[in-house]
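For chain F, the structure is supplied; the task is to place chain E on it using the hints.
Next come the chains, spelled out residue by residue.
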Amino acid sequence: MLKLYDYVLSGSAYKARLMMAILGAPYEAVPVDFYPGNEHRQPDFLDLNPAGTLPVLVDGDLVLTDSAAILTYLAGKHDPPGTWLPAGDPARLAQVVQWLAFSQSLTATAGAARLHDMINRPLDVEAARAGAHRAFRELERHLTAQAFDGNAFLVADQPTIADIACFPYVALSPDGGIAHDDYPAIRGWLDAVKRLPGFIEMPGIHALHEVRETEPGVVAMAAEAG
Amino acid sequence: MSETVEKKDPARDEWYAVGISADLRPGEARETILVGEPIDIRREPGGAVIVSKSDGRACPVRERYGHVWTSIGAPDHDLFAIPEADQEGRVLVDVGAVRVRCSPLRAVENFLDIAHFPYVHTDILGAEPQTEVVPYKVHVEEAGDEVWATKVKFFQPQAAKSAEGGIVTDYKYRVPAPTTAILYKTCPPRPGEWDVITIFVQPIAEDLCDVWPWMALFDEDNSLAELIHFQQMIFLQDRSILENQVPKLLPLDPKMEIPTRADMTSVAYRRWLKRRGMTYGAQTAAA
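Here the protein sequences come in this chain order: F and E. Residue numbering for the first sequence follows the numbering used here, beginning at 1 and increasing consecutively. Residue numbering for the second sequence follows the numbering used here, beginning at 1 and increasing consecutively.
Okay, derived cross-link-like pairs now, EDC-like style, lysine to aspartate or glutamate, Cα gap no bigger than 20 Å in a straight line:
#1 Lys77/F to Glu28/F
#2 Lys194/F to Asp123/E
#3 Lys153/E to Asp123/E
#4 Lys161/E to Asp123/E
#5 Lys274/E to Asp145/E
#6 Lys274/E to Glu257/E
#7 Lys161/E to Glu226/E
#8 Lys161/E to Glu28/F
#9 Lys161/E to Glu201/F
#10 Lys3/F to Glu226/E
#11 Lys274/E to Asp253/E
#12 Lys172/E to Glu141/E
Covered stretches of chain E (in silico footprint by chain F; criterion: 3 or more residues with CB under 8 Å from a CB of chain F, positions within the stretch not fixed):
#13 91-98
#14 218-231
Here are some, though not all, of the chain F residues that point toward chain E, as calculated from beta-carbon distances under 10 Å:
#15 Asp6
#16 Val32
#17 Ile119
Just so you know, these hints were derived from the structure itself, not from any lab. Backbone N, C-alpha and C define an ideal beta-carbon position, used for all residues, glycine too.
Isolated chain E, as found in the complex:
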């Protein structure tokens, strides 16, 4: 039996951020690679963005959350919603891609991990000896098929650019797509609201990705440059750790690693990936 040409593939049939909208001016083009396939992104003089493969075939396009989104397959769903993106008064921050020699799934998993804060983001997002991750809740929201972690609390010396001094920060994490993670955290200048910090991961190969952080914040005190620097500082602290993780691919076989209670989000994320058949960047059987 021969393989059908357009076989269903969760990695191909997904939306990915592939560039910052504002950086692509009318008449401009850039080339990149998405899930192993070269693509060409250009903005027509009229303003529309066209994404095409090397054989000339057009890919679907969306422009949302500061970025150009596309797929090399045929997504059966629209791009996920981030309602806060349209909320009045938020500063929307395009942070710019950082290239990381790691599995796209490892980049997401690291973003979901709280326990590393005191060790990797020392004196900013965490500090010794306050290293305890108190129990939190994890569930898969059936309606949207998303992983959520809620009621996460952590002591942070400088949780955000707008935070002065240490505070206990409340967090929620959301995984609306296999290579997108969104975190909601206490918003120091506006209690009751959540700051939104995301990473949109563009898989280039199974062990290489461009990570596009993006934020929607309430912050009237800091310049855009200050907000970008803060987020780049945090993400670059993660980069050297990510590039040294072993094995390179994310293990989905539960026998491979022994999780602790603090890793509940990671366990749920890995199970969810496995159920969806999202194995691009994953190691499915013990090597």
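Next comes chain F alone, as it looks inside the complex:
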């Protein structure tokens, strides 16, 4: 069984939780007291991951400590059609890898600003926010071009692990004082990810509110009244 060393407020841990939820992969969560306990800096945890970072995914003898590597493994193993990680299509695969690399700049800017604002981590927060806006403009331009081609996601015409890698720290950025107001294409993309079957929330990321089916009786009455 997959084992995820997890922190509930971590956007990176959420990437793994979200991917496993979408793929329907069962796993065991091991909560790590990242804050305030600093458990990820204690000897037991450093034995598992000397870098002292979360999340960590363990499958038998395999230990993965990087969220892009975790997404690659999960999609490779638990998505038989192979659309989340298009390994058979070099052009698509290369674009996925490119966005996985891009996602690191989101963690370093928008993700860092969030930790600063939320748990008072020391940081030049204005520089982090400016960096986040630069990254968001790049993302906005790409998603606008995708939307012109009728595509809702980052790579070609299907959701991939690139979307899962970039989604959390963009969605969570208001927690760090970075609003989405200037980025209409990004807002549309966030909604598209939220509409994926199996989507789950985390604190700070709310699901789209369900539009409830109106009861047939009510419709009939409304029709009569009209």
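Just chain E now, kept in the frame of chain F:
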């Protein structure tokens, strides 16, 4: 007439949590801001905690409920009591500060509100369509001058980390100080006892605060990390709502907002603040 230097000010003359006791080891220090004033907190090699202002003047200190408490004024009362803190068998959980860009009073008021559970803590502390807040009792306890809400009942899909499946949870709320709220709730593994969940709010500015949640629970099944994660998940769901409330400051003028019956605790809290002259973080007249 010139103003006296040490004028009575309810916001200054109050006790506030400013750090987790266990995080401050001998010889360590940290700086923070309390009610707009920078303070320095350090633990002497001998173990005593010293809090001082930038001019070097010492502030009163208490270490209780897992936290360091201090005041930048002169409190005329001791820190309030939480008798359950000393009860044998409880797990005491320091959850850690969460910074929120909101009025300290809004953070307390949100904690006292039950009606938001199904919408903000969906499928955990509440769920549609069970959104009704049944009538409950609110009173100001004269002896301690505290706001209490009692006989609160609410249906919850997962009331606590130790709860399996939905239960109707009984609640009591208590406001022993302007920026402290305590809730007592049904304790699934130990009927007859109440779990104690608090927020200690440290005002930094009128529209900025550090919130220190703290819990005293009966729970033998969950690890400390699991209990901390559960409470952080709940509080972080509130944070984005709190940061978007308008107006930023809590309105104390009754003409400003129209409360419903579910808001009785909030109404009593606002009146109580007004009577005490606690206006730091409040809006006293319609803008």
